[in-house]
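Chemist: With these hints in hand, go ahead and build the complete structure from the sequences.
Chains A and B are the protein sequences, given in the same order.
So the first sequence is numbered by my numbering: it starts at 596 and just counts up by one.
So the second sequence is numbered by my numbering: it starts at 2 and just counts up by one.
There may be inaccurate statements among the hints.
What the hints assert, rightly or not - Dumping the calculated DSS-like pairs for lysine-lysine here, alpha-carbon to alpha-carbon at most 27 Å:
1) LYS83/B / LYS819/A
2) LYS83/B / LYS914/A
3) LYS81/B / LYS914/A
4) LYS220/B / LYS936/A
5) LYS81/B / LYS819/A
6) LYS982/A / LYS1034/A
7) LYS795/A / LYS26/B
8) LYS98/B / LYS795/A
9) LYS117/B / LYS795/A
10) LYS117/B / LYS193/B
11) LYS936/A / LYS81/B
12) LYS931/A / LYS220/B
13) LYS879/A / LYS26/B
14) LYS879/A / LYS81/B
15) LYS721/A / LYS657/A
16) LYS126/B / LYS1018/A
17) LYS1196/A / LYS890/A
18) LYS83/B / LYS117/B
Treat the hints as calculated values from the structure; they're not laboratory data.
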Amino acid sequence: MQTYFSDLLVIGAGLSGERIAVEAAGAGFGVNVLSIVPARRSHSSAAQGGMQAALGNCAMGKGDCPDVHFADTVKGSDWGADQEVARMFVDNAPIEMRQLAFWGVPWNRVVPGKSTFFKGGEKFEKIEEEDKEGLITARAFGGTAKWRTCYTSDGTGHAVMCTLDNRCAQLGINVFDKKEAIALIHDGANCLGAVVRCLKTGVLEAYVARATAICTGGFGRIYKATTNAVICDGGGHAIAMDTGLVPLGNPEAIQFHPTGIVPTDILVTEGCRGDGGTLLDVNKERFMQIYEPEKAELASRDVVSRRMTEHMRAGKGVKSAYGEHLWLDIRHLGDKHISTKLREVDEICQNFLGVDPRVDLIPVRPTQHYTMSGIRTNKDGAAYGLKGLFSAGEAACWDMHGFNRLGGNSLAETVVAGGIIGKKIAEFLQGHEVNFPTKTIRDALLKQQSRIDALIAGKNGRENVYRVREAMQDALMDGCFVFRNGKDLEKCVNVLQEVMERAKAVGLQSSGIGANPELSAALKIQGQVKLALCIAKAALERKESRGSHTREDYPERNDRDWLKRTLAYWPEGARLPRLEYEDPTPYYELPPGERGYGGGKIITADAEKIAKLTIKPGAKPAEAAKAKTAN
Amino acid sequence: MARNLQFEIFRYNPQDPASVPHMQKYVLDETENMTLFIALNRLREEQDPSLQFDFCCRAAICGACAMVINGRPNLACKTKTKELPDEITLLPLPVFKLVGDLSVDTGVWFRQMYDKVESWVHTSKAFDPAALEERMDNAVAEQVYELERCIECGCCVSACGTARLRPDFLGAASLNRIARFVVDPRDQRSDKDYYQIIGNDEGIFGCMGLLACEDVCPKGLPLQNQLGFLRRRMGITALKRLFK
Ligand SMILES: Cc1cc2nc3c(=O)[nH]c(=O)nc-3n(C[C@H](O)[C@H](O)[C@H](O)COP(=O)(O)OP(=O)(O)OC[C@H]3O[C@@H](n4cnc5c(N)ncnc54)[C@H](O)[C@@H]3O)c2cc1C
Ligand code: SF4
Ligand code: SF4
Ligand code: FES
Chain A
596 MQTYFSDLLV
606 IGAGLSGERI
616 AVEAAGAGFG
626 VNVLSIVPAR
636 RSHSSAAQGG
646 MQAALGNCAM
656 GKGDCPDVHF
666 ADTVKGSDWG
676 ADQEVARMFV
686 DNAPIEMRQL
696 AFWGVPWNRV
706 VPGKSTFFKG
716 GEKFEKIEEE
726 DKEGLITARA
736 FGGTAKWRTC
746 YTSDGTGHAV
756 MCTLDNRCAQ
766 LGINVFDKKE
776 AIALIHDGAN
786 CLGAVVRCLK
796 TGVLEAYVAR
806 ATAICTGGFG
816 RIYKATTNAV
826 ICDGGGHAIA
836 MDTGLVPLGN
846 PEAIQFHPTG
856 IVPTDILVTE
866 GCRGDGGTLL
876 DVNKERFMQI
886 YEPEKAELAS
896 RDVVSRRMTE
906 HMRAGKGVKS
916 AYGEHLWLDI
926 RHLGDKHIST
936 KLREVDEICQ
946 NFLGVDPRVD
956 LIPVRPTQHY
966 TMSGIRTNKD
976 GAAYGLKGLF
986 SAGEAACWDM
996 HGFNRLGGNS
1006 LAETVVAGGI
1016 IGKKIAEFLQ
1026 GHEVNFPTKT
1036 IRDALLKQQS
1046 RIDALIAGKN
1056 GRENVYRVRE
1066 AMQDALMDGC
1076 FVFRNGKDLE
1086 KCVNVLQEVM
1096 ERAKAVGLQS
1106 SGIGANPELS
1116 AALKIQGQVK
1126 LALCIAKAAL
1136 ERKESRGSHT
1146 REDYPERNDR
1156 DWLKRTLAYW
1166 PEGARLPRLE
1176 YEDPTPYYEL
1186 PPGERGYGGG
1196 KIITADAEKI
1206 AKLTIKPGAK
1216 PAEAAKAKTA
1226 N
Chain B
2 MARNLQFEIF
12 RYNPQDPASV
22 PHMQKYVLDE
32 TENMTLFIAL
42 NRLREEQDPS
52 LQFDFCCRAA
62 ICGACAMVIN
72 GRPNLACKTK
82 TKELPDEITL
92 LPLPVFKLVG
102 DLSVDTGVWF
112 RQMYDKVESW
122 VHTSKAFDPA
132 ALEERMDNAV
142 AEQVYELERC
152 IECGCCVSAC
162 GTARLRPDFL
172 GAASLNRIAR
182 FVVDPRDQRS
192 DKDYYQIIGN
202 DEGIFGCMGL
212 LACEDVCPKG
222 LPLQNQLGFL
232 RRRMGITALK
242 RLFK
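Modeler: Spelled out as structure tokens, the structure:
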């Protein structure tokens, strides 16, 4: 069996993975990068909106600075974020955007002079300053106090992904595609690399390295309805959890978006509702105003998703071959508006539905969109539990998003975190020596080979992997979607435990030879069910509503008892995850308060404790430590 | 509604000594708003779990799912069955190495291309983290972006007669990539430098100009304009060299 060695192994070639690779290679270390698909097809390239950085160049961004960006991010997180991390993020984001510009990203730039824009259907005027001409400009996004989202037309993710992948090529970094990591190699204390299945030949290979970074993106695909690419399936999380040593942070924190199209759950922008689109039910009647008389369709993402779900539960959904949905109506906006302001929506409707949004209704439903949950790391990106293991991007719980991620803050996180963590990894590599016992490597490979052999031979049973996957997805949709409550969550956990037994009994229907896709699915099904159980169990235990986690039976945000982060471990042989808790942040620059949207009652935390942990706004960690001792 | 769709799909698993290339027939009932993404996944999950094909974004933005659909290279995820006749023939893209069935290896082809055309900004400047970004005209930025929209699906390459004949031919996607750097003021390469890369039969002079590439590009990239633009620019560079 082939073995590859490098200083650093990066699993995942999206923006976060490649940014880390560039940093480590720049410091002189050898890097191997793995990806299921060619790097540029990674999910990062699907992001169109943009990435947040407080550059303050454009007129509507005037007066913006990292402090304002910080406040937006922490409020958005419903105080679930690590404020030390959020601070590092906002301070570094502007530098990172400039570096991307230097490497070749064609950011849209400030054009001086007068122009108009729409807000809430009304027309406004703005004047861009002469002396800002040619600097990086920004657009508006939900939940931000200033226009802060840097963009390149409607293809930000794609443009940044191209640039970083070009940079990898320039530095001669090996980016291997059609390679899937299926297990970590470790000795119980140190991570030594990964066992990898080549998706061209089906052959197993060992990639050993002194440091390993998991940058495999989100795991939306364990839900049936998701905006995520088909490769966002939790493979990276599963191999970390499988060690029994590395915990998942806040598994219950999953973001849902109100308007994924049916059947394929491709996202249509929030702009539809922003510009005056309405939601209709099976009787073609509006309903949002019944639940939210004031904001109606314009309530926040999580609120609208909740109301839509409630309405479908009340029997007002439209039945289809792909399950129930509602309608989005933008017909009244007119041809001109649709073909200019909502061009992208128009194209999606025509391309994927064969529907003309000028005359037809768009079938939509709330859809899984982002995983705030992830491999728990410290502020340096080092995973808990295994030395030499790191994680970044959507795969990680570095935790600047807490319980709700703001639009534009994820793409920015990938590169900012990638830059910071890449540097930390380079420092780590400088002083880190490790032994690679050949027996450990061989054993890890043999273990995977025997798993494969058993699946092909049907030694554990003949359950069909696709049916099992469906059962898992249905269980999550039923019990652990937009709304949660004790009764349904309990049922969800029970059902998932049964699904787990079936997952253990999966056997292939096909030969499993070569790049067999059924084998890929079978190899990860148990890990996926574990992830599902972590979500359901953590959601069952968290008896409050915070950000995207909504308990019908505990509608208030409870800072008194639940201002904490969940850690989910999966000990070998366990039937359920072991849950532990930790404080969300080492100190408060911004003590817990109102999120500013979404409403809801708050049970306040112990004021004395919060006051003790609170530091001066903008104070750096060193001063924070001083402030703490002074208290 | 409710047609029965007949699929003729190319099957071959090069890793399996027992496998021989052949066409295989499948039947599937059509559902509303069905795309080839939905159809192929149903075939795999309900009828034949060994069927190989690639999808990633399933939203026409990543380029993973290009294949030859009833004779024409296109993205499978955005192809609605409604637009196709009852009989649907699916073949893998030619030119690229076959992985199995409808799946081909575009990654290696494109990575070799980046190395050949040196697909990165060439500059002697160093990045200064303390300085403001270098200014750029917005119109130029948008022009660069328009050329960077290529999703590397490979449709243009597999539709190209020259690429099928000459494995070393750079192809329209690569020539478009060069154009992207030619218009980018940050790239300090001169026309002479570009000439080194594409001023030959592997590059701009190998192109027969029949424009199959632009016809099939699912992103509607202006490949014809770029080829013309480079041909003129390289032609002038060639003349300059001749009379130097
Ligand atoms: C439709 C949509 C629109 C979005 N728009 C925006 C936006 O406008 N702004 C914003 O900030 N955010 C946006 N987001 C979120 C953002 O795009 C993602 O969170 C971000 O791109 C994730 O990047 P990443 O580097 O963590 O992972 P990804 O880009 O998902 O990359 C994951 C990589 O890991 C590889 N991989 C996975 N598993 C394995 C394995 N087992 N072995 C080897 N390799 C593996 C994959 O091949 C891939 O290369 C959007 C998300 C969606 C779904
Ligand atoms: S115009 Fe040139 S590049 Fe395009 S298909 Fe024809 S030969 Fe190929
Ligand atoms: S130029 Fe068009 S057809 Fe060719 S690879 Fe790019 S997107 Fe595909
Ligand atoms: S799957 Fe991404 S373009 Fe078709």
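Chemist: Could you tell me which of the hints above the structure violates, numbers in ascending order?
Modeler: 13, 18
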